[in-house]
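Colleague: Going by the numbering used here, the residue at position 155 of the sequence shown is 150; the numbering climbs one at a time, nothing skipped.
Since the hints were made in silico from the structure, they are not lab data.
Beta carbons: idealized from backbone N, C-alpha and C, even for Gly.
Keep in mind that a hint or two might mislead.
Have a look at the derived ranges for each label pair, beta carbon to beta carbon [what the hints assert, rightly or not]: (1) T230 - I195: 18 to 24 Å; (2) R40 - A239: 51 to 57 Å; (3) I91 - T137: 55 to 61 Å; (4) T137 - D246: 21 to 27 Å; (5) V290 - W102: 28 to 34 Å; (6) R40 - A61: 30 to 36 Å; (7) I90 - F248: 22 to 28 Å; (8) R264 - I66: 34 to 40 Å; (9) L238 - M143: 22 to 28 Å; (10) R40 - W102: 19 to 25 Å.
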Amino acid sequence: MKKSSYTNHGRSNRWRENSLEGADENVSKKFDWYVIKKFGPYVGRYKGWTLVSVALMLLYTVLNLANPFLIGVAIDQFIGHNDLRGLAITGIVLIIVNVLMWQAQYWQVWSMSWAGQQILYNLSSDMFTHLQSLSLSFYDRTQIGRVMSRLQSDIDVLESMLSSGLLSMLGSLVSLVGIIIAMLAMNITLALLSFTVLPIMFVIAAFWQRFAQRSFRRTRAAISVVNATLQENITGMRVIQSLAREERNRDEFDELNAYNRDTNLEASRIAALILPLVEVVAAMAIAITVLYGGVLVSQGSLKVGVLVAFTLYINRFFDPIREISQQYSQLQRAGVAAERI
């Protein structure tokens, strides 16, 4: 199999990137988040379902915060005093709480998924109607494959963010605030000591964001060009064969396809980078908590159950941050998709 010029010369990346930087495929311009607001009316049509999903999300968050507290109570109040009856009651309450959490999460995901599919339906219909109203000159200067890319892949990315990503980020933020309040209420000194790792987290997020936006915009532009080239080659296959251009067109498509592959690999590498860094910071916070909390327990100024509950809260404190980190990657992709649509 003949290797393309891209395979033989990986440094042609920059040339291919420059070729994508047209008026609608600029991979380096600064993203205007105002474009997200333009999709507000689509979400507003299903305000009721959205509010129901938000209420279920809040219920799930409150129930989730109750678990560490109940475990701490069980250790200090019942295990330490050999109170089997109280321990059994606490266990039953924990089971009930987790069943309610399961139900709340199930219906929250279902309601928001339903709304998301309706948003996708309306957005696709409006885009199709808009395409029918465009002039013939638009189709003369625009590759049909790029239009198809926006009708399919870009809308799917945006729908995923509108139907679940934004609500998941909201739930993570609410959970984060609740955990902070619970930790401060249990032990202010231990909580403030645990929060000392947060500046490291902010620096990591700021550094990561600089690279993520450009990378995700590049992937959307690359797949758009690949789709456009594929569509043109399929519809013009008779002309290609009559001119004996099969090998040349194959090499050109291979070059574009290789660039699309590499840009997606780069985006995946950048997206995968943030979560392990969050895990390292979380481990640092837990280590600080266990070390200082253990000293307080040995001095008799802190109960074992409180330390256990606090450690669980620390771990859960970084769960929302992990989710926000993952959803932020999706938000970056959705922002680029919204910009293109």
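Colleague: Is it true that T137 and D246 lie within 21 to 27 Å of each other by Cβ?
Modeller: Once the Cβ atoms are compared, 25 Å apart, the range 21 to 27 Å for D246 and T137 holds.
Colleague: Verify the CB-CB distance for L238 and M143 against the hinted window 22 to 28 Å.
Modeller: Roughly 25 Å apart at Cβ, these two residues keep to the hinted range, so it holds.
Colleague: Between R40 and W102, does the C-beta distance stay in 19 to 25 Å?
Modeller: holds (20 Å)
Colleague: The hint says 22 to 28 Å between I90 and F248; measuring C-beta to C-beta, is that right?
Modeller: violated (58 Å)
Colleague: Hint says 55 to 61 Å; check whether the CB-CB distance for I91 and T137 agrees.
Modeller: Between I91 and T137, where Cβ atoms are some 58 Å apart, the hint holds.
Colleague: Does the Cβ-Cβ separation between V290 and W102 fall within 28 to 34 Å?
Modeller: Violated, since V290 and W102 (Cβ atoms, about 44 Å apart) do not stay within the stated range.
Colleague: When you take the CB atoms of R264 and I66, is the distance between them in 34 to 40 Å?
Modeller: holds (38 Å)
Colleague: In this structure, is the beta-carbon distance linking T230 and I195 contained in 18 to 24 Å?
Modeller: violated (53 Å)
Colleague: Do the beta carbons of R40 and A61 sit within 30 to 36 Å of each other?
Modeller: 35 Å Cβ-Cβ, so the 30 to 36 Å window holds.
Colleague: Given the hint of 51 to 57 Å, is the C-beta distance from R40 to A239 inside that range or not?
Modeller: At 53 Å between Cβs, range holds.
Hints 1, 5 and 7, counting from the list given before, are not met by this structure.
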